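Given chain A's structure and the hints, the job is docking chain B onto it.
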Amino acid sequence: MVKSPRTATNPSALRALNAPEAISVQTIHQNWPSTLVIGRAQSKVNEVLDAWRIEDEWWRDSPLIRTYFDVLVSDGRRIIIYHDHVSKHWFKQNYA
Amino acid sequence: MPEYVELHCHSNFSFQEGASTIEQLVVRASDLGYPALALTDHDNLSAAMRFSRKARRRGLHPITGAEVTLAIDGEPTHITLLVETQTGYKNLCNLLSLSRLESDRRYPTVRPDLLARHAEGLILLSGCARGPISRALEQGRLNVAEDLARQYLDWFGENNFFLELQQNLVYGDSARIKQLSRLGQTIGVPVVATNNAHYHIKDRHRLQDCLVSIQVRKTLEQSHRDRRANAEFYLKSPDQMARLFREIPDSIHNTLEIAGRCNFDITTQLTYKFPRYAVPDGYDQLAYLNYLCRDAAQRKYGRITPKVESRLREEMRRIEKHDLSGLLLIYHEIITVGREVQIDLGLVDPETPLEEAPPGRGRGSSVAILVGYLLGISHIDPLKYDLGLDRFLPEELVVAPDIDLDFPRNIREELIKRIHERYGWDHAALTGAFPTYKIRGAIRDIGMVLGLPQAQLSKLSIQTEHASAQQVRDEMLAMPDFRDKVDSPIWRDLVELSKQLDGFPRGISQHPSGMLLSSTPLSDQVPVHQSAMDGRYITQWDKHSAEDAKFVKIDILALGALSQMQDALRLIEQRTGESIDLSRIDFEDHAVYQAMHRGDTVGIFQIESAAQMQTIIRIKPKNLVDMAHEVAAVRPGVGANDGVSEYIRRRKRRQVEPGWPIPYEHISEEPALERTLGMILFQDQFNELAIQVAGFTPTEAEEFRRAYSRPDENEDIASYWWPKFRDGAHSHGVNGQTAARIFKKFNGQYMFPEAHAYAFGVTAYQMAWLKYHYPLEFFVGLFNEQPMGFYNIETLKEDAKRHGVLILKPDANLSREQCLAESNALRLGLLNVAGISRESAKAIVAERDQRGSYRSIEDLMERNNLLKESLENLAGSGALDSLSNTPRRAIQWEVGLRSRPKRTVKGPSHQAQRQVSLPLPVEHDMVPLVEPSAWEQMIEEYRTLGLHPSSHLMAYIRDRLSEVTTTDRLWELPHGTVVQIAGLVIRRQRPLAKTYFITLEDEFGHAPVAVRPEVYKRYRTLLREPILKLKGVVTHREGTMNVVVHSVETIDVFARVTPKAKNWN
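Chains A and B, in that order, give the protein sequences. Here the first sequence stands for residues 8 to 103, numbered as in our numbering. Here the second sequence stands for residues 299 to 1363, numbered as in our numbering.
The shape of chain A in the complex, shown without the other chains:
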C-alpha cells in the first residue's frame, strides 16, 4: 500500500508529458521538411520515413490539422515532427 504523502496536490506542479516543442523547419515543395533547427542545432533531413495526417476537432474554435513526419536526420537520429496547419508552426513531438 502506498503511504499517503498527507499533502494537497499542487496543480501547478503538474507537468505535461510529451509536450510538443517548437522548432524551425526549412521545407521544399508542399511543406516537405528538408532541414530542422532544434534549439541552435541544425540537422539536414536525409529521409522522410513516413508521413501521416490528423484532422480533428473541427467543431472547436481551434481545430486540429497536423501533418506528421517521421524523419531520419543527418546525425542518424530518427525524429518525429509535425506541421500545425492552423498556427503554421512546426513542432517536435514523439508519436505513438
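If you're looking for bench data, these hints aren't it; they were derived computationally from the structure. All values reported here derive from a predicted model rather than from experimental measurement. Every residue gets a Cβ at the ideal spot worked out from N, C-alpha and C, and that includes glycine. Please note that the accuracy of each hint is not assured.
Unchecked claim - Listed next, the stretches of chain B that the computed footprint assigns to chain A, with coverage defined by at least 3 CB atoms under 8 Å from CB atoms of chain A:
#1 319 to 331
#2 470 to 477
#3 785 to 796
This is chain B only, laid out in the frame that chain A set:
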C-alpha cells in the same frame, strides 16, 4: 496523364458510414475523369441499381460490389468483393442474404466457408485496415496473414484475388502497405490501390465524423477513437493517387485492369422471371386464366356479351404479349389465400361466394382490367365506367405492372405470413424501404453529436414545420429563441451539416405493402433477409430499384376503412339479421349525396379531410363518376396549378351553360382532357396529353411521367424531356409558346390513376351510405379501427352525437374488449382505456363471461391480475362507476388501498409466489371524498380515454366567451362579417407552405380557419396552443365558409390534458 479507377467506395447507403449521395459520387468521379467506379457499400446492395443507372447515364462504367463483413475467429473483419460476372453477382447476393439470415440481421457477418462456396465470378480485394490479412499483419502474425492469403488465392483463383493497398495518410498505412507488398511478392498475389472513399469531396469529412458518432451514439468529443483520423477518405484524382503510389505503379494500373474485367451489368443481366402458377393438367397459364375469367363472366353477367367478349380478347392478347398470365393467376391465388384467412378468422360464411364478400379489393391502375374484376382482384366493373387499358396494360411495357390490393388490417397481417409460407422467402419477399433524414431527425442526431443542449434541441425540433432538413436555418430565424444562434459557433455547424444530411437514408426498413415475387430465387437477384418483424422477409431494394429491375410487385395494403366496413356490416347483420351486399346498394341515393353536399363527411374514407369537405361542397357529386372526380381532385398534382378551383369553375360553367366550349391551349389536347373539362385530374391523362400533343409513344409517355415522379431524375426534365416535347408538339402544329404553356401542366406531384379514383370513389360512397343509413354501426366500426383518418376520437365522438349516436363510458360489467352497439348507443370498449392491454381486456371479459358480473371493486381485483395503474385508469374513465356507490375519487382511493406490489419471478420460491393473498379489510381506511367536478372528470377522461363522453370542453368555458360566435352560427353570417371565434384546435395544415389552415371545434361543430402567411408569421407560436380565440372575417365562396384570421389569442383553461390536434405538413 495517369488513369485510375476507385474500386472501394461507400455511399450514404453504407448507413452512418458514407457521407455522399450516389449522385454526388457519380458526378465527382466523372469530373475527375474516372473511366469507371465501384460502389462497395457495407454489407448491402441497396444502391446498386440506382448507382448503375446513374453512372451509365454519365458515361461512367459502374462496378457492382460490396464491403463484406467476414468473421475470422469470431471477430468481424472487412473484405472487398467486386462482381465480375453474372454468377458472381448471384454469389454476392446470396452471401449478403446469408450474412443476415445466419447471424443477427443487425450485425451481418459471413462465415469463411460460405465465402469459399460463393467465390466464383467475384474478385476479392483483401480489404481495409480492418481486413483479415491487414489485421494479422498488424498483430505481427505473419504466418496467419500468409495462410489467409494462400487460402483466398485457392478459393478465388489466380488473378481474382488482390492485396488491397490504402494510403489515407493515417499512422500505420505506410507500414501496412510495405508488409502487404512484401507478402504479395512472396506468394505471387498482385496488389491494387484503393482509397476507401467515404465521401466525394474532402469537406464532407465533417459529416462523416458526425455519422460515425451517430452510429456509436456518442458526441464528437467522445468518439475520437471511433472516427477516422483525418479527411483523406475522399475520391482523389488519378494524379493524387499516382503520387501516393508512385513507388508501386502496378497498384494503380491494376485498378484499370480489374475495372476492365467487371462487365456485369445489373440493369440488363438479371435472371429474374415472372412468377408462374401451377395450373391443372391440360392447361397452360394463359388458357387457364382465360377459363377462369370466362367462368366468372358467366356468373357476373349471366352470359358473355359481345362487349365482354371483345374486351376479354383484347386483354388476353396484351397479357399474352407481355407474358403476364402467370402473374395474374398468382394474384388470383393471393385473393384465394385471403379468402382462406377470412374464413379462418370467422369473418365470412364459407358458403358465401367470393364475389359477394371478397377479402380485399383492388386499388391503383389495375382496377381498369376486366380480368381483375372477374378474378376478384378488383371490385370495379371497368366496362361500366369505360376505363381504358393503356395505363395498366399498354402495348409496350416500361416496367412490370403492379397490382395493389387493400385488405382489412387483420386479414392482411395473416395473409403476408401465409404468402411467405406458401412461396418461401426466396420467392416472395417484401420490398425494402429507406426512411430518410428529415428536419427533426437531423436536428436531433447532428445536435446530439455536436453536444448541443438536449432541451434546446427538443424545443427546436418540436417547433419546426418544414420537413426538409435544408430549412433548419429558416426555422431558427423564425423562432425568437433561436434567431440569435443561427450564426454562432456549433449552431452554425448544425445548420450546415443538417443541410448536407437532408434526405440521407437512415437504414433498411420494410415497405408498408410491396411484395416481390419471382419464379427464380429472389436471392439470386437481390439480397433477401429477415425484417424487424417476426416472420417477414425483405429485399435490399426499394420499390424504385425493383421497378428498374422489372420485378413484379404486389402491394398488399392494410386499409382501415375496409376493417371499419367489415365491422359495420357484421354488426348490422347481428342487429337486423340483414346481410348487406355493398356492391348492390343504390349508388345514386339522393339523401346520401345531400349529406355529402353539406360537408357531413367526418369519418368517411377519402372525403373527410378539411380540403375534401370544402371541395365536395363545391363539386356536389351526384353519381359514382362525380365521386371519382371528387376523390381525384384533391390531390397535390391537381392542385399544383390551381387545378382544383379551375376544374370546379369549369364544371359550374358547364352546368349553367351546357354548350359552353372547353378552353384548350391547343385542340390536340381534346382527346386527353375532354372528359375532365380540359384539366388533368388523373395520372393517365398525363401520358395521354404527351401522346396527343407531342406524339410521344406510350412507352415514352410513361418514362416521361416517371421522370417527374422520381426526384433523382428531375434534372432530365429540362434537359431532355422539354426539348423532346417541344419538338414533338411542333411537328403536330403546336407552336413553341403554346407547347410551353401545355408543358407547364405537367408536374411531379401525386395524382390518382383514373381506375384508382373509381375504386376509391366507390368505397367512399359505400362508407357515406353506411354513415347515413347505419350511423351506429358506422361509428362503432370507426371507433374500433382508431387510430385512422383525420380526426381524434373526441372529434369523432362529437360527430357521432350529431348523428344521434350516444357515446357511453366504458363499464367493467358491460363493455367488451372493443366498442359495441348497445341499443342506439355506442358503448366504449375496455381497450379504449389507456394502459389496458389486449390481454387484460380479454381476461376481464372472459372472467365475467365465465363466472358472472363483477360485484365490487374488490371482486374485480380479486378475479383479475391487473396493475394498479390500469385499475386507476379504469376508475378515471368511469369504467368502475357501476361497481361502487362512491364517487370516482373514492373508487381510485379504494383501488390504491387494495393494490399490493406485484409479485415478481424473483420471489423467494415458486410456491410462495402462488400463494393467494388474503383480502384485507379497507373500509376503516376509506375517507369521505367529494365527487369530482364535471371539469375534473373531463380532464381525467381525456387522460384515460382521449374523449369526454358526456360533453365538450368548450361548453364548460362558454360563460367566459360572451363575445364569441359559436360555430353553428357562422354559416348564417354574411360575407365580410368580423367575428371572434373560439375552440379546440383539431387540425393544422400548411399545404406547400402557403396559407395555414386550422379547424376549430366547439360544442356545436367545426369552424374552418385560414391564416395568411403574414398573420401566421406574427402568431406562429400562439397557433400551436390547444385552445384558441381568434378574430377574423367570415368569407363565403361557392357554398363554402372560412374565417380569415387577423389576430390570435390563447385561452388558458389550466387543462393539463386536452385532445391532440392532428397536424399535417
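Status of the hints after comparison with the structure:
{"no.": "1", "hint": "319 to 331", "result": "violated (count 0)"}
{"no.": "2", "hint": "470 to 477", "result": "holds (count 4)"}
{"no.": "3", "hint": "785 to 796", "result": "holds (count 3)"}
Taken one by one, the earlier hints fail for this structure only at number 1.
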